[in-house]
Amino acid sequence: EAGVAQSPRYKIIEKRQSVAFWCNPISGHATLYWYQQILGQGPKLLIQFQNNGVVDDSQLPKDRFSAERLKGVDSTLKIQPAKLEDSAVYLCASSLVQGGTNEQFFGPGTRLTVL
Amino acid sequence: GENVEQHPSTLSVQEGDSAVIKCTYSDSASNYFPWYKQELGKRPQLIIDIRSNVGEKKDQRIAVTLNKTAKHFSLHITETQPEDSAVYFCATLYSGAGSYQLTFGKGTKLSVIP
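Sequence lines, in order, name chains Z and P. Residue numbers for the first sequence follow the working numbering, so the first one is 44 and each next one is one higher. Residue numbers for the second sequence follow the working numbering, so the first one is 7 and each next one is one higher.
Please note that a few of the clues may not be correct.
As the list claims (entries may be wrong) - DSS-like cross-link-like pairs, simulated, lysine-lysine; straight-line CA separation at most 25 Å: (1) Z:K126 - P:K112; (2) P:K48 - Z:K121; (3) Z:K58 - Z:K87; (4) Z:K126 - Z:K58; (5) P:K63 - P:K74; (6) Z:K87 - P:K112.
Said to hold, decoys possible - So, partial list: chain P residues that the calculated Cβ filter (under 7 Å) puts toward chain Z: (7) P50; (8) F95; (9) Q107.
Hints are computed from structural coordinates only; laboratory data are not their basis. Please read all numbers here as calculations on a predicted model, not as lab measurements. In this text, a Cβ means the ideal position worked out from N, Cα and C, and glycines have one as well.
Please model the entire structure based on the sequences and the hints provided.
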């Protein structure tokens, strides 16, 4: 089966610019996650969707980050405006259903560099 | 929220030796403990997991042990091979406010020396 797809793979922007990332989960997976992985650290959950509804966005910096999953399939994550500390790999993951012990499958990530 | 501590941050072993990575967690309600392997520049991939009703699980050269009382779990890799070199992350499943959130440790960079 096809895995989680993400684009772009790399992005370099200047601070205060805007950027958007796209994710296409595994077909049939109801739950979609966006993680931020700063160099040398583990992934940190930013937002979790169940179908097209937000389940948890408690760690999303809402003053600059936004995400949507309008039709319950693809998702976009946006940063506006970007800061230097946003440099990280942004990972999208999906799982069949919520409820925890279902394996999360990760995409290849988008490496963001903010100059 | 959950707090996961992972040790060591780096580990070097000779090929054929064993490697052990340990994690502790704070939330006694956590009930699922996966381990992910991330090769350089690649996505994290699940290599083994354990649920709270089990004390040990083994899959070929990889094993995970869980001590719920002490709130720690460990990854054991035996007969290490160069292709085991990667960053390994432990994680716990924390449930709160209707969501099921994985909290990751900071990772252990394992280097297997041929």
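Now for the hints, and whether the structure bears them out:
no., hint, result
1, Z:K126 - P:K112, "23 Å, holds"
2, P:K48 - Z:K121, "22 Å, holds"
3, Z:K58 - Z:K87, "22 Å, holds"
4, Z:K126 - Z:K58, "5 Å, holds"
5, P:K63 - P:K74, "14 Å, holds"
6, Z:K87 - P:K112, "10 Å, holds"
7, P50, "5 Å, holds"
8, F95, "5 Å, holds"
9, Q107, "5 Å, holds"
When held up to the earlier numbered hints, the structure conflicts with none and fits them all.
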